[in-house]
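Novice: As a plain string of letters, each chain reads:
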Amino acid sequence: MVAASGQRERFAAQVLPHLDDAYRFARWLGNARADAEDIVQEAMLRAFRGFAALRAPAVKPWLLTIVRNCHVDAARQRQRREADRQALADAQGAGAPDPQLAAIQSQSELELQRLLSGLSAEHRETLALREVAELSYREIATLTGVPVGTVMSRLSRARESLREHWQAETQELDHGMR
Amino acid sequence: MACADAPQLSAYFDAELPAREAATVAAHLEECASCRAHLSSLSAQRARLRGVSESLSASRALATRVRSALGAEEAARAARRGRRREFWLGSLGGALLGACAAALVFVATPLLRTDVLGELATAHLTALSRGALIEMPSSDHHTLKPWFAGRSDVAPVVADFAADGFGLVGGRVQRVGGARVAVLVYRHGAHLLEVFSWPAAGPVPPARTVRGYHLLSWQVGDVRSCLVGDAEWPELQRLAQLLEQRANLEAAPR
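The listed protein sequences derive, respectively, from chains A and B. Using the numbering used here, the first residue of the first sequence is number 1, and each one after it goes up by one. Using the numbering used here, the first residue of the second sequence is number 1001, and each one after it goes up by one.
No lab work stands behind these hints: they were computed from the structure. Certain hints may be false.
[What the hints assert, rightly or not] Across the chosen pairs, the derived CB separations fall in these ranges:
hint	chain 1	residue 1	chain 2	residue 2	range
1	A	Gln113	B	Arg1187	45 to 53 angstroms
2	A	Ser161	B	Glu1030	27 to 35 angstroms
3	A	Gln171	B	Ala1033	16 to 24 angstroms
4	B	Ala1201	A	Ser153	26 to 34 angstroms
5	A	Ala13	B	Gly1212	33 to 41 angstroms
6	A	Ala13	B	Asn1248	15 to 23 angstroms
7	A	Ser153	B	Ser1129	14 to 22 angstroms
8	A	Arg55	B	Gln1241	27 to 35 angstroms
9	A	Ser161	B	Gly1212	32 to 40 angstroms
[Claimed, not checked] Residues of chain B placed beyond 12 angstroms of chain A at every Cβ, according to the derived structure:
hint	residue
10	Ala1023
11	Glu1031
12	Ser1041
13	Arg1048
14	Arg1077
15	Thr1143
16	Phe1148
17	His1191
18	Trp1198
19	Glu1232
Owing to the predicted nature of the structure, the values given are computational and were not obtained by experimental measurement. All C-beta atoms, glycine included, are put in the ideal place defined by N, C-alpha and C.
With these hints in hand, go ahead and build the complete structure from the sequences.
Specialist: What follows is the structure, encoded as structure tokens:
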């Protein structure tokens, strides 16, 4: 019993401080707030169950790997649910409510949506791991299962497309002002 | 030098270029205003991304939810341990007395331990017969290794030994006893061999044959592995040796 609660304390000290990182990463993967929260909770549970066996040198990349797995599992479930709902909606002749709309609540939510819409899923993920989670190329390579060279080129391309995206946006704004 | 290309500049910005290459880029930056402008646009971009990101914090409600979920998980775990203890105390106290009980404990303990191998043989057989061997098909370390994180209780050694005649086909996670066991599937000629890995301590059981399947166990650190298959013993031993060597390499402090 003593050992078990000691483990909980170690988990609280080593893993829980990365809660924000986990949540942000889940959001960057394109999940709306409620979905991201579910994913993070599931990831923390799985992390807790696997904590005793953890031998990875760094906690953060390990936790983010679990978040990524949970995201993949959740997306699969959602697809199944979505298909069911679509079948139901088709049968009733009504459109499903837009879940994205509910997620857009504040300025930063809007900005995130805008950022995400300009990037492919791979670019989004790599950029988030580098700029938001501040992982090294090697850590990102291990986590996403690609060679370091691919991480390097993905990052560069993600940055380029984001730059173009923003330039276009600024031009639109300028036109709007005139 | 000519202007740095975009990937090079982006890696330079992340301080991920090898020292010599970084020095060349740095020297070029001194002279080239357009590359300097590119670099400063990268840093403006980073500031904007982090700005957006920092405004997205996990809510206090989420932190509370996670804490209570962990508490519930721990309570459930403690309850399971308690039930197991009660079961043993109950069966011992109810049916048997004194020396008889002592004899039972003496006999039951090694039985329980070796029966793990029986369970593994059964797990292997069921997977074979249901065609549910592989959840994640891949021979690639970079794909399989991260896939196991958070799914199994250990991070297993993932290595393809196709050159030695043992090609990695994929992996799955299977519940055996109370553990979420990591399973790697290898093809060797016409045989399918499986490596089960889970956290364990104590003596490693001797090699055994259950219903025609050989079982060969080893231990590195606190990870117990068991190779199951119907190939010949020397062949199993060769794969086990390769895997154990790799595990020892990976367990070595860096």
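Novice: Which of the numbered hints are not met once you compare them with the structure shown?
Specialist: 4, 5, 6, 7, 8, 9, 12, 13, 14, 15, 16 and 18
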